[in-house]
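*Asks:* Below are the chains, spelled out letter by letter.
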Amino acid sequence: MINNDTVLMAHLLRRAGFGATRNELEDYLALGYDGAVEALLNPSDAGNMPDDLIRRYHVEQSELRDLAGSAAYWMYRMISTSCPLEEKIALFWHGLFATGYAKLNQARSLLNQVDMFRRSGMGSFENLLVDLSKDPAMIVWLDNNENHDEAINENYGRELLELFSMGIGNYTEEDIKECSRAFTGWTLGNAEYMAIRAAKDSIWPYGRIAWHFDYREQDHDDGEKTFLGETGRFNGEDIIAIIAKQESTAQFVATRLFQFFAADEITEFGEKAIQEMITTYFSSGYQIKDMLRTLFNSDYFKSDEARFARVKGPVEMVVGAIRMAGNYQNPALGIEKVSNTMLYMGQGLLQPPTVEGWHEGSEWIDSGALVERVNFVAKELSNVQSPGVRSIIDRLEANSDAGILHPTALANGCLDLLGPIAVSEATHEVLVNYASRQGDLDLNGHQPGDEAEQRVGNMLRLVAATREYQLA
Amino acid sequence: MTSNKREKSLIVIQLSGGNDYLNTVVPYGEGKYYDSRTTVNIPQNRVIPVTDKLGFNPSMGPIKALWDENKVAVINGIGYENPNRSHFRSMDIWHTAEPDIIGKEGWLGRAIRDMDPLGENVLTGINFGRGLPRALACPGVSVASVGDLETYGLFPDVQDEELRMFTLEAFSKMYGGAAGRDPVMDLLGQTGKDALQGADILRTAPGMYSSSVEYAPDSLAQNVKSISQVFHANLGTKVLYTQHGPFDTHSGELLSHAKLWNEVSGAIGSLMEDLKEHGTEDDATILVFSEFGRRIKDNGSGSDHGSGGGAFVIGGAVNGGMYGEYPSLAEAEQIEGDLRSNNDFRSVYTNILEDWLQLDAAPIVNGQFEKFDIFKSQK
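Chains as they are written, first to last, in the numbering used here: chain A, 1 to 472; chain B, 1001 to 1379.
Extracted from the complex, chain A is given alone in its bound form:
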């Protein structure tokens, strides 16, 4: 009975967004699959919660000095955006070019970096690497402010090749040195003073001071360099141009995009999609947007195999449940607690544990994290006062047989409206058995929070607690 177009669209929106309510799904379905992909790839007005409104309620989100408030600020953006892929791609790059508050003590610079990911994250990979190399938060995070003419610091040069593009085994130690030389002089304004302030975690006497990129020509090593077999008086941009045209870079970017947007594990079928993305990488001039289009339109992505093939990350878990329940559409006091909940699940926004980012996939799952994951979504989705849950109840009633739902219809209806989610037979049996506890459900004349509605809330709680709900 569940429509295949709906199933596929829900799959697309779990990957290119944070899942979708049935209203959102219907809007995207009206565009058709290809139209929906284009709408997602071309964000226009995101309709975010406006800053002035947020500031009226949250002092700490006005100054954006501390970690908790700044992470919560990004949460609002993810919850309220109507261009979910813009936030999803920012989250992807935040995990890949993982920069953390721990060393920076400068949350606003991190948020500026996230903004750069929104701006450049779906454009050319080459441009993105240039923007990244000029990003003040990255410069401090990987010590490029300590990378001087005649005294190189290899930290950034090394990670640029190892973690941000080609991957280990595709260059030599000598390439790292030459690459680092090319990035000498790429620093931030008043770098020495700012570095001391960051190390001392000092807010005295001026609070946090905004950072900006500064190129110091006199500190740049302008000599001849040989990088990956090419020789010239390379500057950083030249090095990045060489990196961008490498086969290994294409392979790296395609694989990481695949694992974030398609599946944790790469099967033979999945490998075909990666190859198509690599082709697009070169034919489009390294455009990320075109690679994503290739992925979303691939046979693999549309196949059964790709569905529920990723463990939801904590941010997807939390933001997805809140968007489904329709909460936090206006500033509310609990937002920092919610943002901390993601940290308890193992993914604190703006604080990836190391430059390698988070270990994703099945590593999200341990007993402490699972309890947090289940409890959060179960509570969020069982509250029948939430607007999104009320809308689910109304739809259940509209689809029912004169307001009466048999236990199987109740279980199936909830699985449908929270996804559609496909569950195993064994899970399905437990859900139907649970729904049968009080016989048929009569939704006629239901009132907010009455017993009939609460039965729907209970059912939604159990669906949210399934193993299957843990997957995207």
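Careful, some of the hints might be misleading.
Within a straight-line C-alpha distance of at most 20 Å, the following computed SDA-like cross-link-like pairs (lysine to any residue) qualify [as the list claims (entries may be wrong)]:
#	chain 1	residue 1	chain 2	residue 2
1	A	Lys337	B	Gln1243
2	B	Lys1173	A	Ser436
3	B	Lys1104	A	Ile365
4	B	Lys1104	A	Val355
5	B	Lys1104	A	Lys200
6	A	Lys200	B	Gly1337
7	A	Lys200	B	Pro1246
8	A	Lys200	B	Gly1269
9	A	Lys200	B	Glu1150
10	A	Lys379	B	Glu1169
11	B	Lys1104	A	Leu163
12	B	Lys1173	A	Glu429
13	A	Lys337	B	Leu1154
14	A	Lys379	B	Gln1243
15	B	Lys1173	A	Val355
What the hints contain is simulated information worked out from the structure, not anything from laboratory work.
Keep in mind it's a predicted model, so treat the numbers as computed, not measured.
Based on the hints, put chain B in the right spot on chain A.
*Replies:* Quick look at chain B alone, frame taken from chain A:
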């Protein structure tokens, strides 16, 4: 756990935010202290004298009482080279025992893995609080994080007990299904079962405990009470962790620092009394630490991030006394206006791991470190 022989447990109390060691163990015999701390100081007549040079903060009465019973080891001048003054980074260093590179595994996570390599007891390590401190994190090691012992487990917000039981039963069936279908589904199933099992066992702990000790209502004392309940329930838990704060006293320090130490001392005093009442004083050791100390000079209202802090090891099996040198306040000895640490924090870890938990310390703390003699020799 069926064994009657009680195993040795480690209780860790983390002081988050950077405890001002100068106002905790006060060098009241030194003029330089009062010269540097012109406003944020503890006056000589209020210090609880411990030696002729050092004394405790006036809020530390209960700890002084334990000191008099020879149960408090004070570790002065603890830290690591090239001190980092960022809360997060410095705490990470303490958690992973890796000052130079960014470490991945927590030292206690590794210790738990050594004690229970097959993960047979899901309660070998427990954090009391939300989230998992990095110290306890280690791939493949299951650690429960208990926000509130009374409501710990799945679906704590379901008030109707019958409905909650019915929901838990359904959860158990959903996570129980046949293994071998798919590795991720199997992992989810096993993890869900572990979580249920841990919660089932933990829920029995408060019922197995009675005590005449009244813990204070503050959050630390309540967490420490939960620690006592779980410890006395004999569940085989060897590492019990909690944290308190914020010790980040940039302003209004004298008031807030006194309040925090009242709570810390009170909680430790109650716990030691509780252990005595249960005859388990020699079976638990408490480690108290913070990520760094604070500036030698105050800022007029508080103190800023510094280095060279201190730690405490407390318990019936401890050889009480002063360990390590109190860092000099002389300007020539300072690093950038901060105390210079003179003993590596990994020495204390080594001491605890080897002489208390009976583990091989070097692989856990990433190297060999000279240790003190904090513990009485074991029978």
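*Asks:* Determine for every hint whether it applies to the structure shown.
*Replies:* Now the hints, each set against the structure:
| no. | hint | verdict |
| --- | --- | --- |
| 1 | A/Lys337 to B/Gln1243 | 18 Å, holds |
| 2 | B/Lys1173 to A/Ser436 | 16 Å, holds |
| 3 | B/Lys1104 to A/Ile365 | 17 Å, holds |
| 4 | B/Lys1104 to A/Val355 | 11 Å, holds |
| 5 | B/Lys1104 to A/Lys200 | 24 Å, violated |
| 6 | A/Lys200 to B/Gly1337 | 12 Å, holds |
| 7 | A/Lys200 to B/Pro1246 | 18 Å, holds |
| 8 | A/Lys200 to B/Gly1269 | 35 Å, violated |
| 9 | A/Lys200 to B/Glu1150 | 41 Å, violated |
| 10 | A/Lys379 to B/Glu1169 | 17 Å, holds |
| 11 | B/Lys1104 to A/Leu163 | 16 Å, holds |
| 12 | B/Lys1173 to A/Glu429 | 10 Å, holds |
| 13 | A/Lys337 to B/Leu1154 | 18 Å, holds |
| 14 | A/Lys379 to B/Gln1243 | 27 Å, violated |
| 15 | B/Lys1173 to A/Val355 | 40 Å, violated |
Violated hints, listed in ascending order, are 5, 8, 9, 14, 15; each of the other numbered hints is respected by the structure.
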